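Turn these sequences into a full structure, and let the hints steer you where they fit.
This is what each chain is made of:
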Amino acid sequence: MAEGLTKVQFTNLDKVLFPDLGLTKGKVIEYYIRIAPRILYILKDRAISLKRFPNGIGEEGFFEKDSPIGTPSWVQTFKRYSETAERDVNYIVCNSLDTLLWIANLAAIEIHMPLSTIGDFESPDLMLFDIDPEPPLSFDDVIGVTNLLKEKLDALGLVPYVKTSGKKGLHVVIPIAKGHTFKQTKEFVHQLGRYLAKESEVIVSEFSQSRDPGTVFIDFLQNSQGRTMVCPYSLRANPKATVSTPLQWKDLKKGLRPDDLTIFNVPKLDDPWENLLKFKQKLELI
Amino acid sequence: MEDIEEAEGKERPSKRPIWTGSITIGLVNIPVKLLTMIYDKSVSFRFLHKEDNQPLKYQRICVKDNKIIPWTDIARGYEVRKGEFVVLQKEDLEAARPESDQRIRIDKFVDYLSVDPIYFERTYFLTPDKSGEAYRLLLTAMEKMGKAAVGRITLKTKEYPALLHVYKNALVLTTLRYSYEVADPSGLEELSDLKEPSKGEVELAIKIIKDLSGEFSIDDYQDSYKERIERLIGQKLKGEKIVVEKPVKEEAKELMAALEETLKQLKTK
Chain H
293 MAEGLTKVQF TNLDKVLFPD LGLTKGKVIE YYIRIAPRIL YILKDRAISL
343 KRFPNGIGEE GFFEKDSPIG TPSWVQTFKR YSETAERDVN YIVCNSLDTL
393 LWIANLAAIE IHMPLSTIGD FESPDLMLFD IDPEPPLSFD DVIGVTNLLK
443 EKLDALGLVP YVKTSGKKGL HVVIPIAKGH TFKQTKEFVH QLGRYLAKES
493 EVIVSEFSQS RDPGTVFIDF LQNSQGRTMV CPYSLRANPK ATVSTPLQWK
543 DLKKGLRPDD LTIFNVPKLD DPWENLLKFK QKLELI
Chain W
85 MEDIEEAEGK ERPSKRPIWT GSITIGLVNI PVKLLTMIYD KSVSFRFLHK
135 EDNQPLKYQR ICVKDNKIIP WTDIARGYEV RKGEFVVLQK EDLEAARPES
185 DQRIRIDKFV DYLSVDPIYF ERTYFLTPDK SGEAYRLLLT AMEKMGKAAV
235 GRITLKTKEY PALLHVYKNA LVLTTLRYSY EVADPSGLEE LSDLKEPSKG
285 EVELAIKIIK DLSGEFSIDD YQDSYKERIE RLIGQKLKGE KIVVEKPVKE
335 EAKELMAALE ETLKQLKTK
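Same order as they appear, the protein sequences are chains H and W. Sequential numbering from 293 applies to the first sequence in the working numbering. Sequential numbering from 85 applies to the second sequence in the working numbering.
By construction, these hints were calculated from the structure, which means they are not laboratory data. Hints may contain errors.
Label-pair restraints from in silico Cβ distances [as the list claims (entries may be wrong)]: (1) W/T241 with H/G350: 35 to 43 Å; (2) H/S365 with W/K125: 38 to 46 Å; (3) H/E352 with W/R315: 46 to 54 Å; (4) H/D552 with W/L272: 25 to 33 Å; (5) H/K560 with W/L132: 33 to 41 Å; (6) H/G350 with W/K310: 25 to 33 Å; (7) H/K546 with W/I290: 50 to 58 Å.
Pairs of lysine to any residue, SDA-like flavour, derived with a Cα cap of 25 Å [to be verified]: (8) H/K560 with W/I122; (9) W/K351 with H/R326; (10) W/K351 with H/L568; (11) H/K307 with W/K351; (12) H/K299 with W/M340; (13) W/K351 with H/P364; (14) H/K560 with W/L347; (15) W/K320 with H/T303; (16) H/K357 with H/Y373; (17) H/K307 with W/E338; (18) W/K240 with W/R160; (19) H/K570 with H/E479; (20) W/K351 with H/Y373; (21) W/K348 with H/E479; (22) H/K307 with W/E344; (23) H/K570 with W/T352; (24) H/K299 with W/E338; (25) H/K560 with W/K320; (26) W/K351 with H/E479; (27) W/K348 with H/S388; (28) H/K299 with W/Y244.
This one's a predicted model, so the numbers in the text were calculated from it and none came from an experiment. Using N, Cα and C, we set each Cβ at its ideal position, and we do this for glycine too.
Laid out in structure tokens, this is it:
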């Protein structure tokens, strides 16, 4: 740009990406500019994947792990064999504001990230409880289950963080100290799920039950190398332009609706995750 | 690419008349010439063959045997029903053509502002043809009275109603549309049962209109698509690399303001 504030040449700013709201790509970029300090903190040194919607969310988007043709030379990349793709992938590493803006200009509405950093790609630095309801259960049920999980984690002396997925569920994240493996974090989440499943009628802990109507599944499977979760503060490609929003535990009360946390109000909220990576915790393996 | 360089300036009037004749008012004749005044300045392109960039030409192809038909073998057909034609030869058309008697016959003078611009079609300059004195007299009198003259003119194959009026110290002629060429809004369903607004609403609307009232200035309006295309062509001519998608200015400005804030925040972090 002529103003010299960014290396990114913005294009098609008036293209509508959220047709129900009439939101343009310009507004999406503006959102990512405003949220940049929070999101860059978490994305630092992570090999990200993008979900791009060049023609807006009215059409199917596509997942992109590889940095696309035409990636500028100043964008940092990280080459690693991907087991899901079964080949070498050049991941984008979003370590600068310019990279984030370039991503937004690609109409990458959703940013997904692994639970590890490129410094130690095979070991987790985050542990994820992905809590997902099956109809007819509502978001209030998810809140109930998540608060139950929080009590249990508190009892174990752990400090969990919570965010909405931006869709139907909640994500509970614990930053993990060095020296743990994905096998351990996966097992830990799975065991807690099994424990809670005994305490509550609605909670299920096994993948085979995850589609049973009227249940809440505590998904442990994302705790694997190469798996991703939607990045905190990423927009979601749904008609209300929701955001995967970090929450204060005290705000996690019945009546909260993930649809109310959107591109319009999330940048004005406080950031409950601003110290997330300062409290890396050790797991007492059960 | 003269057009590109002159894009900012206004068109100079052409010198070649498209018609010569006289204005006839009763027994008075004023010899005049008609000059082109309106230029369509929208962007137009030639079609090229993608592979070798050579221009394409049109040919007339018979739908029955796909043969190319030369102009000499072409007749004109009036389609009475779908696929059914009454054929007219060149001679038939010649005979029916209105005879241009090289006159602009003036029927009466009217208040210029009483003519709805809906009927205006195309405007031409009228210049005196060795008749400067009479021309000047007519111009001065019409200007003083705010009048326009209504009459008829035949141009090529069509007879038009016409309006003579004053534009910046020149007499101009505007051909008019016939009333049957303009649709009537009374047939529009959307307008048939609109609710009467309340007095308060009307007052508010009038206030808004008053607040936004000003002098009309056509120079406030520019064809931004045309400007972008011309800039693009200029760059291509100079061999510059073309960045096709340019941001919309206003939106880009908002982004830059947000960007400045965020850069400040990142610095203090």
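**Report entry** Violations among the numbered hints, reported as their numbers in ascending order
**Finding:** 1, 3, 4, 5, 8, 11, 20, 21, 25, 26, 28
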